[in-house]
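Protein sequence lines correspond, in order, to chains A and B. Straight run, no breaks: the first sequence in this note's numbering ends on number 518. Straight run, no breaks: the second sequence in this note's numbering ends on number 1063.
Rather than coming from a laboratory, the hints here were simulated on the basis of the structure. Be aware that one or more of the hints could be misleading.
A short, non-exhaustive set of chain B residues, derived as facing chain A with CB atoms under 7 Å [unchecked claim]:
id: 1; residue: Ala772
id: 2; residue: Asn774
id: 3; residue: Leu776
id: 4; residue: Asn928
id: 5; residue: Trp929
id: 6; residue: Asp935
id: 7; residue: Thr945
id: 8; residue: Ile947
id: 9; residue: Ala949
id: 10; residue: Gly966
Not close to chain A: a few residues of chain B, all C-beta gaps over 12 Å, as computed [claimed, not checked]:
id: 11; residue: Phe798
id: 12; residue: Val809
id: 13; residue: Pro843
id: 14; residue: Thr860
id: 15; residue: Ile897
id: 16; residue: Ala939
id: 17; residue: Glu970
id: 18; residue: Ser980
id: 19; residue: Glu1004
id: 20; residue: Gly1011
id: 21; residue: Ala1018
id: 22; residue: Asn1025
id: 23; residue: Thr1029
id: 24; residue: Glu1048
These numbers were taken from a predicted model, which means no experiment stands behind them. All C-beta atoms, glycine included, are put in the ideal place defined by N, C-alpha and C.
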Amino acid sequence: MIAQLFSLTTLIGVITAGIRLATPYLYATIGETLGQRSGLVNLGVDGIMLMGAYAAFFVTFKTGNLALGLLVATVVGGLLGLVMAFFSVTLRAEQGITGIGVYLFGLGMSNLLFRKTLGTVETVSGFPSIHIPLLSDIPVLGPIFFSHNLLVYGAFALVPVSWFLLNKTTLGLKIRAVGDNPKAADSLGVSVAGVRYFTEIVGGMLEGIAGASLSIALLNVFQENLTSGMGFIAVALVYFGGWRSVGALAGAILFSMVNALQLWLQVIGVRIPPDFAIMMPYVLTIVVLAFTAQRVRAPAALAKPFERGEG
Amino acid sequence: MNTKRGILFLMVLATLFLLVGCPSAPSPTPVPATPTPPPKPFRVAVVMPSAINDLAFSQSMYDALAATRNKLGKDKFEFAYSDGMFVVDDAAAAIRDYATQGYDLVIAHGSQYGSSLVEIAPDFPNTSFAWGTTVDTFTDKGINNVFAYEARSEQGGYVLGVIAANLSKSGVIGVIGPIETGDAKLYVDGFKAGVLATNPNAQVNVNWTGSFSDVALASEAAQTHINAGADTLSGTAQMVVGAIGVAKEKGVLWFGTQSDQASLAPDIVVACQVYDWTVVLDEMINLIKGGTLGGKAFAITLANKGLTIKYNPGYTVPDDVKSLADETIQGIVDGSISVQVE
């Protein structure tokens, strides 16, 4: 049985599944990382994902146009990001409460729209797996890395893109400055509100895409509470990843692979109680978080609204 | 920090929810008031954990209530429901609300609602309650107004297992379950027993996801089964829509339970065990009208037609397999086959 655990099929299966499952977490975690680097905590990720998932599904179901579905999900996500930014930046409302409000809104509204417009569970044909000539045919590596759909590749491409944005561009410098020392940034002429609106809207767009990656790429269905709490895991993964894109990647992959592994353990009949197997990804994430927490520092102005001339 | 604005925002949202009638709010769905006609209709209220259109557990009860209303007529039978009540406290509040409003029968459609009913039922001795799926009517606690109902889902599971074993070419069959309890466990055990009784060399792999609603994990569980060589899948709970999607994409067979799922994947759904609670509802209504408010446990079975095997018209099952399935049903009904569950 142990030999079976380390067989090639199992290994390929676990890694491939880990990559696939990591996709929605990557979009959502990187979206949330952007916002948090500028000092905004958004606990509404799951709600934004649900609205994105519903919007993408509904548009694709009605028009059959996947690109349009993805676009609408992005716009819906961006709008909810805008709402979040309006409350946290302009009205300086308590961010935790606002985020929970956005979550509840997304959960309730996506349910309501689902009932009124679809009524029952339907399916669409989502983004197909892309067969890349030569690359997809490489043994072992082919199925692991080159058997996925467009949104999976997009999620992984987002890691270097967001790293570059945050660390190598003027905009990235502004985002980090606003998140660490908004007063100083403001005195140098950086619009704190402008930067925060930007990160929250772009973050919302990515969270909308995270939802779409579920409803029109990985699962191709919509159901009430489709994300079942993924958005909250994504928020945890931001801390896990130490507010860095690469950290987000590591966290999303670790969590997803352990999740894939526990499914395999059950299938090949390793005699551990299923309840324990199901706990594994969560326990492991918390353990790693406990060990890494001291190393990294949160953005200094995280969750603190900025008011010019205050303090 | 401006906590006040945040709270205000939440309150505005809450108001909005109430206005649009958010499905997850614990407010009961109102029944149109009737201008006191002489024969009072029989009024039933039900509280359910998931949505009435989940193609699974909650839908099975909703469909039964709708069928009963069609049969008896709107002037003789009314029902109201609260669905999406996965939070037990909210469900308890809704159950109490319905009891207060004088419904003749209040159904707590979810095994997680049992402890709430123990609290509520004694406060309304003239209201009848029903709790499923379970066999416990709380008579040992001195409560006499609670009926219990369950689905002997292992029976249909066994029949589907027999069909699956005959159709599987690889001899590897995957089953996706939510949490190892209640009718999900019965179904999985029955299905497994049916497969192994038909083909003792078959391999049945079972995967529990730990959730009734995690569609993504159910989809990944299906993928895992297929990678492990399965060419036939089954599963239970509302999350299986994710698994059916994978089965459809990979072209492996699917066997469903609780509700008819053929609409999701007309090419690969072979058959489903469909729950029909109307037999149980009929019996409870008759007892209540005769003055008995509880203390009796019911079950839907293949014998009382509360469980039926519904073939997908889009998928052709060979005649010899179909007649074998019919014999199996007959065997379970007359007792010559007894389905052993672990």
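Please flag the earlier hints that this structure goes against, numbers listed from lowest up. Violated hints: 8, 15, 16, 17, 18; rest satisfied.
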